[in-house]
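Going line by line, the protein sequences match chains B and G.
Using UniProt numbering, read the first sequence as starting at 1 and increasing by one per residue.
Using UniProt numbering, read the second sequence as starting at 1 and increasing by one per residue.
One should not assume that every hint holds.
In this list, chains with the same sequence are indistinguishable; a pair is considered to hold if it fits within one copy or across any two.
To be verified - Calculated pairs, SDA-like style, for lysine to any residue (alpha carbon to alpha carbon, straight line, at most 20 Å):
#, residue 1, residue 2
1, K41, Q51
2, K41, L66
3, K41, G72
4, K9, Y38
5, K9, I93
6, K91, Q51
7, K41, Q102
8, K91, R18
9, K81, R36
10, K91, P76
11, K91, A54
12, K81, L100
13, K81, A28
14, K9, Q77
15, K41, T10
16, K91, G56
17, K41, S105
18, K81, V14
19, K91, T10
Read the hints as simulated data drawn from the structure, not as lab findings.
Protein chains: 2
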Amino acid sequence: MRIGELSTKTGVSVRALRYYEEQGLLAAERSESGQRHYGDKAVDRVRLIQQLYAAGISSASIREMLPCVVTGVASPQVLAKLRGHRSSVVKQIEDLQDTLRQLDSVLAGAVKSHESGVPCAPD
Amino acid sequence: MRIGELSTKTGVSVRALRYYEEQGLLAAERSESGQRHYGDKAVDRVRLIQQLYAAGISSASIREMLPCVVTGVASPQVLAKLRGHRSSVVKQIEDLQDTLRQLDSVLAGAVKSHESGVPCAPD
DNA sequence: CCTACCTCTGACGTCAACGTCAGGTTTCTA
DNA sequence: TAGAAACCTGACGTTGACGTCAGAGGTAGG
C-alpha cells in the first residue's frame with residue numbers, strides 16, 4: 001500500500017508517517033519513481049509507535065527498542081532501558097489514577113453543591 | 001514563604017511557578033518591594049497543578065476548573081468539561097495499561113531470548 | 001556596611017511532533 | 001490523453017511549558 005492508504009488505515013497523518021521514517025522508526029520500500037510502499041505489518045507498527053509515544057517515550061528511545069520489540073530479543077542495555085520505561089509507565093498510571101480520584105471527588109462534591117444551588121463561575 | 005522556598009518544597013522550578021501565575025493558576029501576595037509571598041496551601045496547589053498537567057490538561061482548562069476543584073462547586077458547563085477530562089484520563093490509563101502489557105511481553109520474551117544467547121544490537 | 005544570594009521583569013531560546021505551504025512529479029480515472 | 005488526485009522533497013511555522021540570559025533591585029548574615 002502507499003502512504004495515503006496507510007494513513008487512512010491508521011488514522012495517522014501522512015506527514016507523521018514521513019516523520020516516523022525520518023526518525024528511523026518506520027522503513028518503506030520505494031518504487032522506481034521514489035514513492036513509498038508498505039506491507040500490511042506497517043499498520044501494526046504504526047499503532048505500536050503511537051502507543052509508545054502516548055507513553056511519553058521519545059523517538060530516540062523508540063528507535064532503540066523497536067527492533068527488539070519486533071524480534072523479541074534485546075541486549076542487556078536495551079533491557080535495562082525497557083525496564084526503566086516500564087516503571088515510568090507504571091508511575092504514570094498511578095499518577096493518573098490519583099488524578100482520577102481527585103476529579104471524581106470534585107465531581108461528586110460539585111454535583112451536590114450545584115444541587116444546593118451554589119454554582120461556580122462558568123467562565 | 002518566598003518563591004525559592006516554594007520551588008524547593010515542590011520540586012518545581014522558579015520559572016515554572018512564575019509561569020503558573022502568568023497563566024492565572026497560582027496567585028501570590030506581593031511584598032512592598034514586589035516579591036512574591038505564598039502561604040502553606042500553595043504547596044498543595046502546585047502539586048495539584050502538576051497532576052493536572054500530567055493528565056494532559058491545558059493551562060486554560062486548569063484555570064477554568066481550579067476554583068471549582070478548590071471550592072468543590074461547579075457550574076453545569078464546567079461540570080461537563082470535568083466529565084470530559086475524566087473520560088480522557090480513563091482512556092489514557094487504559095492506553096498505558098495496553099502499553100504496559102506490550103512492554104511486559106517484550107521483556108518476558110527478551111529475557112528468554114537473551115538467555116538463549118541471541119542479543120539484539122545495543123545501539 | 002558589605003557581600004553573597006535571592007528576586008524582579010522582560011524577552012528571546014528550546015524541543016518534539018508534527019502542520020502547512022511551495023513547486024514539481026507520478027498515478028489513477030474518465 | 002487530459003486532468004484530478006496522490007505523492008515527492010525541502011523548508012519554514014506552530015504550540016505549550018518552560019529554560020536561560022540580561023540588567024537591576026531586594027535581603028540576610030557577619
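Item to complete: State whether the alpha carbon distance between K81 and L100 is at most 20 Å within one copy, between copies, both, or neither.
Response: between (28 Å within a copy, 14 Å between copies)
Practice prompt. Could you place K9 and Y38 in one of the four classes (within, between, both, neither) given a Cα distance threshold of 20 Å?
Written response: Within. Shortest intra-copy distance 12 Å satisfies the 20 Å Cα cut-off; inter-copy 51 Å does not.
Practice prompt. Using 20 Å as the alpha carbon limit, work out where K91 and Q51 are close: within a copy, between copies, both or neither.
Written response: both (16 Å within a copy, 12 Å between copies)
Fill in: K41 and T10: within-copy, between-copy, both or neither at 20 Å Cα
within (12 Å within a copy, 45 Å between copies)
Worksheet item: Are the CA atoms of K41 and L66 at most 20 Å apart within a copy, between copies, both, or neither?
Response: This pair counts as within: shortest intra-copy Cα distance 14 Å, inter-copy 44 Å.
Practice prompt. State whether the alpha carbon distance between K41 and S105 is at most 20 Å within one copy, between copies, both, or neither.
Written response: between (43 Å within a copy, 18 Å between copies)
Practice prompt. Check K81 against R36 for me: Cα-Cα at most 20 Å, and say if that holds within a copy, between copies, both or neither.
Written response: neither (31 Å within a copy, 41 Å between copies)
Practice prompt. Could you figure out if K9 and I93 sit no more than 20 Å apart (CA to CA) within one copy, between two copies, both or neither?
Written response: For K9 and I93, the Cα distance exceeds 20 Å both inside one copy (28 Å) and across copies (24 Å).
Worksheet item: When no copy is specified for K41 and Q51, does a C-alpha distance of 20 Å or less occur within a copy, between copies, both, or neither?
Response: For K41 and Q51, the Cα distance is within 20 Å only inside one copy (16 Å; across copies 37 Å).
Discussion item. Cα distance capped at 20 Å. Does K41 pair with G72 within a copy, between copies, both, or neither?
Written reply: within (16 Å within a copy, 49 Å between copies)
Discussion item. For K91 and T10, with the copy left unspecified, which applies at a CA distance of at most 20 Å: within, between, both, or neither?
Written reply: between (28 Å within a copy, 18 Å between copies)
Fill in: Intra- versus inter-copy proximity for Q102 and K41 (alpha-carbon distance at most 20 Å)
The answer is between: 16 Å across copies meets 20 Å, while 40 Å in one copy does not.
Hints 5, 8, 9, 10, 13, 14 and 18, counting from the list given before, are not met by this structure.
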